[in-house]
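Take these sequences, add in the hints, and give me the full structure.
Number of protein chains: 2
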Amino acid sequence: MSALLADLYEFTMLQSYLEQNMTKTAVFEFFVRKLPPNRNFLVAAGLEEVLDFLENMTFLEEELDYLSGIFPAFVIDYLQGFRFDGEVHAMAEGTIFFQNEPILRITAPLPQAQLVESRIMNLLHFETLIASKAARSVLTAPDRRLVDFGLRRAHGAEAGLLAARASYLAGFSGTATVLAGMKFGIPIFGTMAHSFVEAHEDEMDAFRNFARSHPGSTLLLDTFDTELAAEKVVALAREGWKIGGVRLDSGDLAMHAGKVRSILDAGGLRDTVIFASGNLDEYAVNRLLDCPIDGFGIGTALVTSEDHPMLDCAYKLQEYDGRPCRKRSEGKATWPGTKQVFRLRDSRGKLEKDVISLECDDLEGERLVGPVMHEGKRLHPRTPIARLRERTMQNYASLPESLRKIDAENAHPVEISQLIHDLSKRADRREIHPLS
Amino acid sequence: MSALLADLYEFTMLQSYLEQNMTKTAVFEFFVRKLPPNRNFLVAAGLEEVLDFLENMTFLEEELDYLSGIFPAFVIDYLQGFRFDGEVHAMAEGTIFFQNEPILRITAPLPQAQLVESRIMNLLHFETLIASKAARSVLTAPDRRLVDFGLRRAHGAEAGLLAARASYLAGFSGTATVLAGMKFGIPIFGTMAHSFVEAHEDEMDAFRNFARSHPGSTLLLDTFDTELAAEKVVALAREGWKIGGVRLDSGDLAMHAGKVRSILDAGGLRDTVIFASGNLDEYAVNRLLDCPIDGFGIGTALVTSEDHPMLDCAYKLQEYDGRPCRKRSEGKATWPGTKQVFRLRDSRGKLEKDVISLECDDLEGERLVGPVMHEGKRLHPRTPIARLRERTMQNYASLPESLRKIDAENAHPVEISQLIHDLSKRADRREIHPLS
Numbered sequence: 001m002s003a004l005l006a007d008l009y010e011f012t013m014l015q016s017y018l019e020q021n022m023t024k025t026a027v028f029e030f031f032v033r034k035l036p037p038n039r040n041f042l043v044a045a046g047l048e049e050v051l052d053f054l055e056n057m058t059f060l061e062e063e064l065d066y067l068s069g070i071f072p073a074f075v076i077d078y079l080q081g082f083r084f085d086g087e088v089h090a091m092a093e094g095t096i097f098f099q100n101e102p103i104l105r106i107t108a109p110l111p112q113a114q115l116v117e118s119r120i121m122n123l124l125h126f127e128t129l130i131a132s133k134a135a136r137s138v139l140t141a142p143d144r145r146l147v148d149f150g151l152r153r154a155h156g157a158e159a160g161l162l163a164a165r166a167s168y169l170a171g172f173s174g175t176a177t178v179l180a181g182m183k184f185g186i187p188i189f190g191t192m193a194h195s196f197v198e199a200h201e202d203e204m205d206a207f208r209n210f211a212r213s214h215p216g217s218t219l220l221l222d223t224f225d226t227e228l229a230a231e232k233v234v235a236l237a238r239e240g241w242k243i244g245g246v247r248l249d250s251g252d253l254a255m256h257a258g259k260v261r262s263i264l265d266a267g268g269l270r271d272t273v274i275f276a277s278g279n280l281d282e283y284a285v286n287r288l289l290d291c292p293i294d295g296f297g298i299g300t301a302l303v304t305s306e307d308h309p310m311l312d313c314a315y316k317l318q319e320y321d322g323r324p325c326r327k328r329s330e331g332k333a334t335w336p337g338t339k340q341v342f343r344l345r346d347s348r349g350k351l352e353k354d355v356i357s358l359e360c361d362d363l364e365g366e367r368l369v370g371p372v373m374h375e376g377k378r379l380h381p382r383t384p385i386a387r388l389r390e391r392t393m394q395n396y397a398s399l400p401e402s403l404r405k406i407d408a409e410n411a412h413p414v415e416i417s418q419l420i421h422d423l424s425k426r427a428d429r430r431e432i433h434p435l436s
Numbered sequence: 437m438s439a440l441l442a443d444l445y446e447f448t449m450l451q452s453y454l455e456q457n458m459t460k461t462a463v464f465e466f467f468v469r470k471l472p473p474n475r476n477f478l479v480a481a482g483l484e485e486v487l488d489f490l491e492n493m494t495f496l497e498e499e500l501d502y503l504s505g506i507f508p509a510f511v512i513d514y515l516q517g518f519r520f521d522g523e524v525h526a527m528a529e530g531t532i533f534f535q536n537e538p539i540l541r542i543t544a545p546l547p548q549a550q551l552v553e554s555r556i557m558n559l560l561h562f563e564t565l566i567a568s569k570a571a572r573s574v575l576t577a578p579d580r581r582l583v584d585f586g587l588r589r590a591h592g593a594e595a596g597l598l599a600a601r602a603s604y605l606a607g608f609s610g611t612a613t614v615l616a617g618m619k620f621g622i623p624i625f626g627t628m629a630h631s632f633v634e635a636h637e638d639e640m641d642a643f644r645n646f647a648r649s650h651p652g653s654t655l656l657l658d659t660f661d662t663e664l665a666a667e668k669v670v671a672l673a674r675e676g677w678k679i680g681g682v683r684l685d686s687g688d689l690a691m692h693a694g695k696v697r698s699i700l701d702a703g704g705l706r707d708t709v710i711f712a713s714g715n716l717d718e719y720a721v722n723r724l725l726d727c728p729i730d731g732f733g734i735g736t737a738l739v740t741s742e743d744h745p746m747l748d749c750a751y752k753l754q755e756y757d758g759r760p761c762r763k764r765s766e767g768k769a770t771w772p773g774t775k776q777v778f779r780l781r782d783s784r785g786k787l788e789k790d791v792i793s794l795e796c797d798d799l800e801g802e803r804l805v806g807p808v809m810h811e812g813k814r815l816h817p818r819t820p821i822a823r824l825r826e827r828t829m830q831n832y833a834s835l836p837e838s839l840r841k842i843d844a845e846n847a848h849p850v851e852i853s854q855l856i857h858d859l860s861k862r863a864d865r866r867e868i869h870p871l872s
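Chains as they are written, first to last, in my numbering: chain A, 1 to 436; chain B, 437 to 872.
Misleading hints may appear alongside valid ones.
Said to hold, decoys possible - BS3-like, lysine-lysine: derived pairs with alpha carbons at most 27 Å apart:
1) A:353 x A:34
2) A:405 x A:34
3) A:353 x A:332
4) B:813 x B:460
5) B:619 x B:813
6) B:861 x B:789
7) A:183 x B:619
8) A:332 x B:695
9) B:768 x A:259
Read the hints as simulated data drawn from the structure, not as lab findings.
Here it is in structure tokens:
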């Protein structure tokens with residue numbers, strides 16, 4: 001992605017930083033200020049894409065031409081040779097986290113650390129948003145096949161791709177998006193569309209033709225009349241065609257699933273699975289858990305995080321040249337300093353409490369933020385996504401019951417350490433300057 | 437964008453269509469089933485990107501390699517030479533439209549028309565969603581500068597870019613996203629970030645350095661204390677620095693705007709404008725209209741269409757080989773046939789009624805759907821975005837008062853013609869088939 005995918009002010013500030021020789025080391029952290037309603041935890045995601053971006057960030061000639069109409073030559077010169085060569089610390093993808101906890105820290109010369117802000121936020125915000133939404137369906141229906149069906153109403157191409165990645169990382173079985181399958185190695189799934197049935201003069205012909213091309217595949221039942229279509233599936237099986245499953249996509253899914261299951265069972269098709277889709281989210285899936293539905297296609301509500309399509313996240317300067325920084329804007333004040341999250345668990349391994357303190361603190365507990373990039377180079381090769389997914393599952397296992405519920409809001413205790421409180425006071429004393 | 441950005445079932449169906457020689461002409465239409473709450477109209481957007489996609493759609497070797505692990509050789513052969521060579525009819529971008537009205541029609545051999553479904557929906561859905569959201573701010577504050585600030589919380593890179601495009605098309609003044617400026621020729625705007633102030637030991641130094649680099653630019657006031665910062669701006673002006681504007685980004689914006697305006701005016705800075713940002717949407721802007729605020733930066737709520745991040749849209753087969761098609765799925769039934777929208781206006785040019793009928797009908801009124809692509813080639817060169825924006829403004833002028841309100845839901849009359857009702861009955865009679 002082009003390095004011009006950034007807010008104009010990143011470049012405007014860059015110019016001033018260069019003019020003032022303000023190129024000393026800055027520390028920025030990305031965190032979520034508070035959890036949205038109906039989210040008891042968040043799932044960190046998007047780190048791999050951030051590291052790709054930082055490793056490859058350069059400016060093309062045409063981009064520099066465009067900027068040279070706006071900025072003086074010394075800015076263009078700086079960008080011409082631009083490489084990100086800073087340090088990155090982060091929580092592993094799939095880690096459960098809470099408000100105010102930094103999931104990514106950039107330590108780099110101020111102009112560099114500033115310039116990467118927009119895209120880092122754009123990536124971490126979205127993947128974390130979707131992984132955190134997907135987690136709720138996974139916890140609700142851990143034993144069902146869940147497939148991302150959202151590409152068509154995802155917000156553009158990248159949203160479709162990254163939603164497939166984030167939802168798989170969070171425990172989905174796969175996606176319908178072919179390119180996500182190729183790009184990320186995610187399992188892909190598909191059935192048929194209503195148009196396929198409609199393009200035939202006869203629904204039975206449509207089913208037969210599809211079964212001929214794709215033995216064992218899934219037939220869509222609701223184009224005209226769901227139960228009548230289920231009868232046709234039974235008839236088709238009697239002709240000798242192999243039918244793997246059927247899909248319901250409209251109407252009262254619980255009612256149709258019951259009737260269709262009976263029809264299939266009566267016809268001897270006990271192994272033919274029922275897959276449901278159509279405006280589903282974790283609440284709908286939860287209501288359908290007692291129905292004979294083996295899997296769910298979840299689309300729009302997942303990939304737009306429909307109930308809360310944004311996280312109140314920030315990428316904030318915490319230190320410049322060794323001096324702690326914070327803003328005190330009303331309702332948006334931040335905690336200064338280079339931070340670490342210390343996680344405490346109970347005897348059964350369940351999350352008990354998190355403490356946010358300074359990196360230099362030596363509190364007990366697991367340290368969640370670790371080094372992932374040194375001098376602009378990854379410290380580890382790209383982790384296979386199946387491995388990331390396993391790690392997410394291990395994280396779910398550490399959730400206490402109260403945080404697993406999708407229909408009750410419960411807050412995990414997150415403490416701000418005394419060290420940080422003290423540092424804030426010192427930072428405040430320094431930053432208040434009377435009019436000179 | 438890769439042609440693999442598609443749901444798997446598009447390819448699965450393609451295989452069967454090819455096997456069955458079902459390659460006759462199909463007509464698909466894209467429309468929105470119903471308007472979301474708080475939307476009295478929608479603004480068509482995304483057509484240029486759809487035409488780009490259709491003109492350039494091909495499969496790369498590596499993509500075909502991936503597919504060859506899933507599909508038989510004749511499918512790969514077909515895709516190897518794939519070019520979209522169909523017809524496209526559409527409403528012009530910027531056209532106001534309503535439920536069930538097709539804004540795009542694809543007429544092409546069935547396999548082609550099917551294969552383009554996912555990406556067409558992905559593009560039209562998102563840009564239309566954002567243009568329709570942006571329109572509400574523009575109608576609320578037609579005399580203020582409105583700037584898209586949403587990149588960081590847009591759903592990925594393309595969402596950031598297309599949201600900038602769609603909101604400009606809908607009447608915004610510009611965007612903060614540099615790449616959108618370069619790519620689409622949209623004006624770009626920017627101020628400064630809190631980090632710039634924090635990186636300095638003294639806020640006054642930060643302001644002075646920024647004013648030195650960028651004479652006439654906008655200073656951010658709320659890092660520590662908004663009114664104290666406004667006093668510093670006055671002091672700075674007395675030193676001879678030129679300050680174009682100030683930005684408020686937190687707290688009670690109405691209160692701060694009043695106080696800051698007084699401070700600036702008392703200091704002789706009557707021409708220094710006040711720009712506001714921070715979790716704004718059209719409702720917040722509406723409440724702030726009486727305040728001395730000259731412009732608004734609108735971010736997350738705009739680019740995610742936060743109150744309703746999706747449209748209930750569909751891309752449906754309406755005709756195959758001259759035969760009208762429809763599905764009758766519960767709650768998702770569609771109207772068959774190749775359609776046209778006839779728009780009737782009153783004597784003052786305001787929208788009075790729309791009638792959806794068949795293309796072959798000769799009703800009175802403006803026909804909104806026209807040819808834009810023939811045999812896979814654009815009929816017209818790309819329209820400059822400033823021209824599209826003017827057209828949107830002309831469309832707003834045709835809105836009756838009842839539809840302009842952002843806080844009242846009013847429905848524009850949209851009639852389904854007798855011809856379509858008759859055709860539906862005929863299609864239904866044909867499509868009901870008893871079990872054979």
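Hints, verified against the model:
1. A:353 x A:34: 16 Å, holds
2. A:405 x A:34: Holds. Residue 405 of chain A to residue 34 of chain A sits at ~18 Å (cutoff 27 Å).
3. A:353 x A:332: 24 Å, holds
4. B:813 x B:460: 20 Å, holds
5. B:619 x B:813: Holds - the C-alpha atoms of residue 813 of chain B and residue 619 of chain B are around 22 Å apart, at most 27 Å.
6. B:861 x B:789: Holds, at about 24 Å.
7. A:183 x B:619: 25 Å, holds
8. A:332 x B:695: Answer holds: residue 332 of chain A to residue 695 of chain B is near 20 Å, not above 27 Å.
9. B:768 x A:259: 20 Å, holds
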